[in-house]
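Undergrad: Residues per chain, in single letters:
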Amino acid sequence: MKGAGRALLVAIVLIAVAAPWLSPNPPDRQFNAYLYAPPTRVHLDGVDGAYFYPLRVVSRLERRFEEVRDRPVQLVWVDGHLVTSADGNEPLLLLGADSYGRDIFSRLLYGARTSLGLALLATLAAMIIGACVGGIAGYAGGLLDEILSRLSDFILVLPAIYVVLALRSVMPLVLPPRDVFLLLVGIFGLVGWPIVARGVRGIVASEREREYVAAGRALGAGPVRLLAFHLLPATRGYLTTQATLLLPAFILAEATLSYVGLGFPDAVPTWGTMLHDASNVALLGDAPWTLAPAAAIFVVVLAVNLVVQGRGESPLLR
Amino acid sequence: MLLTRLAPGDITANLGAFAPPGEVARTRARFDLDRSPVAQWGGWAVRASRFDFGDSFLYNRPVGALIRRAAVNTAILAVAALAVATLVGIPLGILTGSRRGVLPATVRAVSLVCLSVPPLLTSLFLVFLASRTGWLPPGGMTSVDVIDASWSTWMLDVARHLPLPALALALPLAATFERLQAQAMSETIRQPFVVAAMARGVAWRQLLVDHAWRASLRSMCAVYGLAIGALLSGSFVVEYVTAWPGLGRLMYEALRARDIYLVAGCAAMGGVFLAFGSVAADLLLFAADPRVRERQAA
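Protein sequence lines, in the order shown, are assigned to chains V and A.
Numbered per my numbering, the first sequence spans residues 1 to 318.
Numbered per my numbering, the second sequence spans residues 1 to 298.
If you're looking for bench data, these hints aren't it; they were derived computationally from the structure.
As the structure is a computational prediction, the values presented were derived from the model and not from experiment.
Keep in mind that a hint or two might mislead.
To be verified - Computed from the model, here is a short list of chain A residues facing chain V with C-beta under 10 Å:
1. Ala65
2. Leu120
3. Val127
4. Trp204
5. Tyr240
6. Ala267
Glycine residues also receive a C-beta, built at the ideal position from the N, C-alpha and C atoms.
All chains, please: the whole structure from these sequences, using the hints.
TA: Next up, the structure:
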């Protein structure tokens, strides 16, 4: 179970890194004849390798397509991309196309970079803030501890998604993608740190009573040195567990925000902006492939859950 | 509330760029927007303590009435989801926590899958299913034609719209309950008092339900308090996806329109829900665990 989860996670990260090579089409190229086109059916029984039939629109209103049988298009392997279409105007759409005729499979791979990168950075931010605040609170004790603990408890009881929404809507709604990325990292970090801080505080507060800390102090180590080199390493196990719990939560938070239109602009491929396409109920029934990013999120969360369950931790209620 | 007030732009943007300055100023004065943020917040807090939450800019109606309707809708959804999650999750958790075999292993695998499907994904998937099969209406809370219908028709219509969002919200929660109950159960049956009861010849089924389950409720009650927060967060997404006119949707609209009094009202209502949840959890714990009652009495 645990091994399967780990293997899955590693595979996902590798896919995200290799996205430009693995994707058959550029993520923002619009194939105007292919709005909501279904996934391409690849035939493997060709004389010289695999081929597929290009699609022709039968009815734009009903979004019906038919294959042009007399004009098969060859697939080209390992030519800058792992696999792509020989004809630049007839795309290979492994998971169909979205409302602008963009390749969902390619966008999914590129989206993994943004979504996972954002979640990773946000997790890192939450960890660093949480470890610092928790460490200081646990080491200092007294009034400072009281204030910091109350603050983190206060943030903990708020339903996180509303805090994120409120913080996001304070900012201008339309921002360049880079600013949105940094803003979301900041917001997620702000919302996520108290969970980390509370545990770190507990561990540090109990560890500081141990003999090795007294010995360190007797040898002349200052509070900063004690905290950074002796106390915080004791929280390493706790921190890894928390990281595996925060990561899927942040992936989901990005998806939710982009889904409701408060995250990235539509041009940027992330799993959330892609899910936004699926928000049209009338189209969803006819174009189930727009749910592909949902499947991607599911796989990531499942992988993390497999790892966590293997370690025997209780699942986080989110 | 304060955050929204400080955000650039306010409701007067809705009057259009060519509105006469006098009208803009009058509108601002009507909603206290011409005063400093602190004075505005102070005024609001005083009035809110008398349950007067001000007027919504967006709907031009008292916030209190709007919120009351939305809160009832959210409560219907949350209670339904909580009931489903409890009825499904707890018995299955008792099963997987106390037994080994093919069935518990299957349940465990299914719940691990459900645990990985947050409400956003379940609701999208269920809406997809509904629009494909037509078994249930894919969104909304009522049909168009029952607005003026009688009370009983309205109830039936809501009952037809309810299962989809409630199920979307309940599935991950049921899985969480199942996992936690299983954990609590397997810890409890290892305790000496269970062995003692077994030695005295208590039937296994009775032992499980009357003795072990009651003792394991202690950790479950704490989870219920947290579940209310999860329900609130989850209901936002579900309400958005399935167009359920609840608190989450209202707050989203208010935030986008910078309708500060409505945002503040929604936040206050959410706080009431949370407080209610933790009080309910404490009461449950009090009812379930004799040890807590005795400590209180002593």
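Undergrad: Run every hint past the structure and note whether it holds.
TA: Tested hints:
| no. | hint | in the structure |
| --- | --- | --- |
| 1 | Ala65 | violated (21 Å) |
| 2 | Leu120 | holds (6 Å) |
| 3 | Val127 | holds (6 Å) |
| 4 | Trp204 | violated (26 Å) |
| 5 | Tyr240 | holds (6 Å) |
| 6 | Ala267 | holds (7 Å) |
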